[in-house]
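There are 2 protein chains.
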Amino acid sequence: MPEDSITLTFPDGAKKEFKKNITGLEVAESISKGLARNALSVTVNGEIKDLDVPITQDATISINTWDSDEGQYTFWHSSAHLLAEAVQELYPDAKFGIGPPIETGFYYDIDFGDEPFGQEQIPEVEKKMIELARNKSEFKQKEVSKEEALEFYKARNNEYKVDLIKDLEDGTITFYEQGSFTDLCRGPHIPDTSLIKAVKLTNLAGAYWRGDVNSKQLTRIYGVSFPKQKLLDEYLEQLEEAKKRDHKKLGKELGIYMMDRMVGSGLPLWLPNGAVLRRTLEAFLRDEQVRRGYKEVITPHIGNIELYKTSGHYPYYQDSQYNPMQVDDEEYMLKPMNCPHHHRIYSNDLRSYRDLPLRLAEFGTVYRYEQSGELNGLSRVRGFTQDDAHIYCTHNQLKDEIKKTIELTQFVFKTFGMPVDIRLSFRDENEDKYGGESEYWERAQQEIREVADEMSLDYKVALGEASFYGPKIDFIIRDAIGRKWQLGTVQVDYVMPERFDLTYIGSDNDKHRPVIIHRAPFGSMERFVSILIEHFAGDFPLWLSPVQIKILPISEDFNDYGQSCADRFKEIGIRVEVDSRSEMIGAKIRDAENAKIPYMLIVGAKEKENGTVSARRHKMGDIGTFSFDDFFNKVKEENTSRSLPPNHK
Amino acid sequence: MPEDSITLTFPDGAKKEFKKNITGLEVAESISKGLARNALSVTVNGEIKDLDVPITQDATISINTWDSDEGQYTFWHSSAHLLAEAVQELYPDAKFGIGPPIETGFYYDIDFGDEPFGQEQIPEVEKKMIELARNKSEFKQKEVSKEEALEFYKARNNEYKVDLIKDLEDGTITFYEQGSFTDLCRGPHIPDTSLIKAVKLTNLAGAYWRGDVNSKQLTRIYGVSFPKQKLLDEYLEQLEEAKKRDHKKLGKELGIYMMDRMVGSGLPLWLPNGAVLRRTLEAFLRDEQVRRGYKEVITPHIGNIELYKTSGHYPYYQDSQYNPMQVDDEEYMLKPMNCPHHHRIYSNDLRSYRDLPLRLAEFGTVYRYEQSGELNGLSRVRGFTQDDAHIYCTHNQLKDEIKKTIELTQFVFKTFGMPVDIRLSFRDENEDKYGGESEYWERAQQEIREVADEMSLDYKVALGEASFYGPKIDFIIRDAIGRKWQLGTVQVDYVMPERFDLTYIGSDNDKHRPVIIHRAPFGSMERFVSILIEHFAGDFPLWLSPVQIKILPISEDFNDYGQSCADRFKEIGIRVEVDSRSEMIGAKIRDAENAKIPYMLIVGAKEKENGTVSARRHKMGDIGTFSFDDFFNKVKEENTSRSLPPNHK
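First to last, the protein sequences are chains A and V.
Heads up: the first sequence is residues 1012 to 1660, going by the numbering used here.
Heads up: the second sequence is residues 1012 to 1660, going by the numbering used here.
Same shape as in the complex, but just chain A (with noise of 0.2 Å):
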């Protein structure tokens, strides 16, 4: 290999050789014209970098375009310097603080002086924004000292700059200009301007500079931005439909659940249609995890604080933690975790190696104390329902029981119609951070990928999210409306084993620790319904509905028949209800259409007469004349097989 070479692997694992100092433009040009055109940033050796920046070693490389979460990352950071420039022009006199982009697009504090700035200016700013962007103007980087920085932002008074670089070492700052604005900013960023083509601006909030509230609040406005008009489209609608089906919405009109001021903060209280579907839901896991040997054990919601002393959770968690009650000598703590309990039930036994694997589950009640503004709905709350497991098992056997966890968790968002994508998350070996033996995290990895690809798994890697504790599967699922939620994890513990001195002897007499897999399929209860609420806006399908029937009666004269009918619907645990009320059948079809029940089942003389029920379904109206026993059946069998409302994207 020529001394002038470089070889670079691309995420494929194919390696090819380059001439030195290659940037990652030419590299994505020595691919296709194509992947040149819609580079958007280079990751180089796990780190994102300019694609004009040289390569001066042999490296891992990939080229990050709109597909990618480092390059909406680099996409949104440019973006809010383009906000910035266009603020610049429309009021010179702004001071700018920190603009970086976030999750789904960015935002810009701003110091807006005297002036005026409100949602009336924000179509102004997007304007100017879009208009600077197909000047095309490139993002270029600068080496500054930190006396030129300074001098830089002190000629247009802006102490926020100031205050940044004051905590910078000298040799290290760098500017990033384009068109007329420059930015103190480490970058990386997108080629040019150009690339930006649709804007949005989405919101305005007061934020402190620095966080700090005794500092001066500045506006915070925040946006999105994308490379096609047609994105941004979908993206609008996307939003549009969320809140549509924002579960804080339907879970009042539906009865799901409440949140009351004098109960507290964050914490739900189920409604009867709430706790229809929670117990329904439980019962699917529990029945699904019987069949699959799990045994279930519940806990008291307190322990002594000696249990997270052992575990390690207090004090270092604290923050996030209920304060402990003091009874008698002893300190006592809402349980913000089931698993030291569960550990003290495997220690209540000799254990042996006969007995392995243990798989204990509990929908177990956690509290955890959170910011009163990060409260959300059922999404966000302090206290939940965890449908947690802990598999307490032999090293021999972990390959298998991570094998079943996966199906489990697969079957289980089958059930719901959701797509799941796999994240491993494993260690960096760079980092000194984790628990256990390295020999134990390797088989481990090794044992996991190996399972993935037996199942032809369709999986990322993500080297440094591993917990502290063990490696971990991330099962991220996509709703109706295409957004990503991280739901059931899977992972691994070489810690609490050691911690809380767990043992079983194995068949050669002598003690061995075993290995702990923690998984959740659900999360928690609560966030889960948030999200099935949200994915089926609603809709349930048959076997989740709170009232799965709604029996409409023509008249009065019709209740008895009516009555009947429901009968036998109770009889095989069928959620039906008579509308016996003296309304006229029109009414009584709009409540139950408004109350997204299932089936309506209207009858009246001819039915009464025939025995047989006309029946409609929810939004799609009039669906036929049964007679009572194919109806029922009908109803039996989408009830038993679980079936998706006919109607779900």
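Read the hints as simulated data drawn from the structure, not as lab findings.
Any given hint might turn out to be false.
The list treats identical chains as one, so a pair stands whether inside a single copy or across any two.
[Stated by the list, open to error] Calculated cross-link-like contacts (lysine-lysine; reagent style DSSO-like; alpha-carbon spacing at most 30 Å):
no.	residue 1	residue 2
1	K1106	K1060
2	K1581	K1415
3	K1645	K1581
4	K1581	K1425
5	K1425	K1260
Take the given structure of chain A and dock chain V to it, following the hints.
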């Protein structure tokens, strides 16, 4: 009516005229010789008195025999005196503290000075008691002045009685004498010692004088006594049987629950078998409740302290609650009851008379502080799950709803083969501790009595036993060995609707207050399961057994056939296990018998060939060979009908 006559009213409501100053004994004699022979004391206008006390005016009266709580109370009080007489004979220098009757039996606290007294001395005291009892010494009351009383005990160096007398008012002090023994005592007592035919001193303990750890520790001798030797024999047999059935012993052996020092005091952890038992009981009651129009809710285990200030439970019941936790600027408490949470759910909607009755049910886990010395297995714990419900109804619906709650409670206990006694706990009109309007109390008590009569219930009325917020109905069940347990309760509540400002819109379009019924048939899952374990001695009915069938293949060759049988049972939700170990069949049977598994199915060559099973019933041995289908149907029927075990008393 002559001037020297009085009218006495008997428990059955009958009234009869007697001469003034007649004694209880004379009244008994006027009824029957047998009653006079068995009479122990008399209750006049609610107060228990000696049989020889003259009755001076019209009164309600009941003659107390051994069959009444009042009779046993008198009997055991006199037995305490007999114990003291015996001790005085044997230990002339012994000094006596207090010696009251208790729920079962009596005790006396005695200072033996330097004299050793222990278990070895007990038989001699028992013998002496019986010897003295045969003397037929009468219990004679004597009024004494405070001075005389003090002199009497100072002369005997008894600082304890002197201490007691100091607190008494002159003119109210009485002594009782029998044989050579005199005691400071208010009475009442039985006529003479000869009624005491059988005595057992059951326990010795240390007891500080007046419960003060800084005072001297006396020796407390516990005992129990009976009017017939046969009753003592039965009692000792029951004690022995109770020991065998002890839920702490069986709970451990059968894997129902565990306690763990590290998790905390009084906080049971339900092990897999216990969780199956508890979930099965919950499902049984839940289904029954759904059928009867209840709606389930689920509420958090903590609540803002405002809830308990509003209900009035804080700070007045602070001693039995866990300390509050500070969260931001609010205080939260582990909930000691579910009521306030349910009341807030009621308030969450505008309620109309059409929505009532609203029956909200929850298996709600609550936490209450108990002294660590009071904790006892599952029967006295610090965290427990109530099978709670609150029925919100109009005053017109109250009677019907009370009837329905009684029916549900009766249905529940009948399922477990537990006879139920009913106590109507009403207010004592002479006390003014009760909340709510008098008119409502009168009406509710009247309606409760009507319901009880309409249902032909065998009930007792207990005046003064109501809760402060309304009358209640208590259910006292008898277990298989005759012990009584107070379980389910139905309470009417007029106070909380006021405190929580609960309203509904009546048909008159005005706001009204609903009335609340609190009810819990099991009371708590923990305590009920402790009673169930002892009631069934761990031999649960099929439907409740954690493992219902164990299949025992004769050798490994028949594991497959065994498994195929098991799979059939699993399809209908029967809990079945296959013992596929390479053990001898005798060992497999022994292990299954020890685990108290209802059915054991032995399968070998013959069974496999013929598609049969050879069945054993726990404790009954071989019950014959069945075709698989016949046995399957038999088990299905027994499970569905919730039959009691064939060998259940």
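Verification of the hints:
For the homomeric pair K1106 and K1060, the shortest alpha-carbon distance inside one copy (27 Å) is at most 30 Å, but the shortest distance between copies (94 Å) is not. Only between protomers do K1581 and K1415 lie at most 30 Å apart by alpha-carbon distance; the minimum there is 20 Å, versus 35 Å within a single protomer. Taking identical chains as interchangeable, the C-alpha atoms of K1645 and K1581 lie at most 30 Å apart whether they share a chain (15 Å) or sit on different chains (25 Å). For a Cα distance limit of 30 Å, the shortest separation of K1581 from K1425 qualifies both inside one copy, at 28 Å, and across copies, at 24 Å.
In the homo-oligomer, the alpha carbons of K1425 and K1260 lie at most 30 Å apart inside one protomer (26 Å), although the nearest pairing across protomers, at 45 Å, exceeds that limit.
When held up to the earlier numbered hints, the structure conflicts with none and fits them all.
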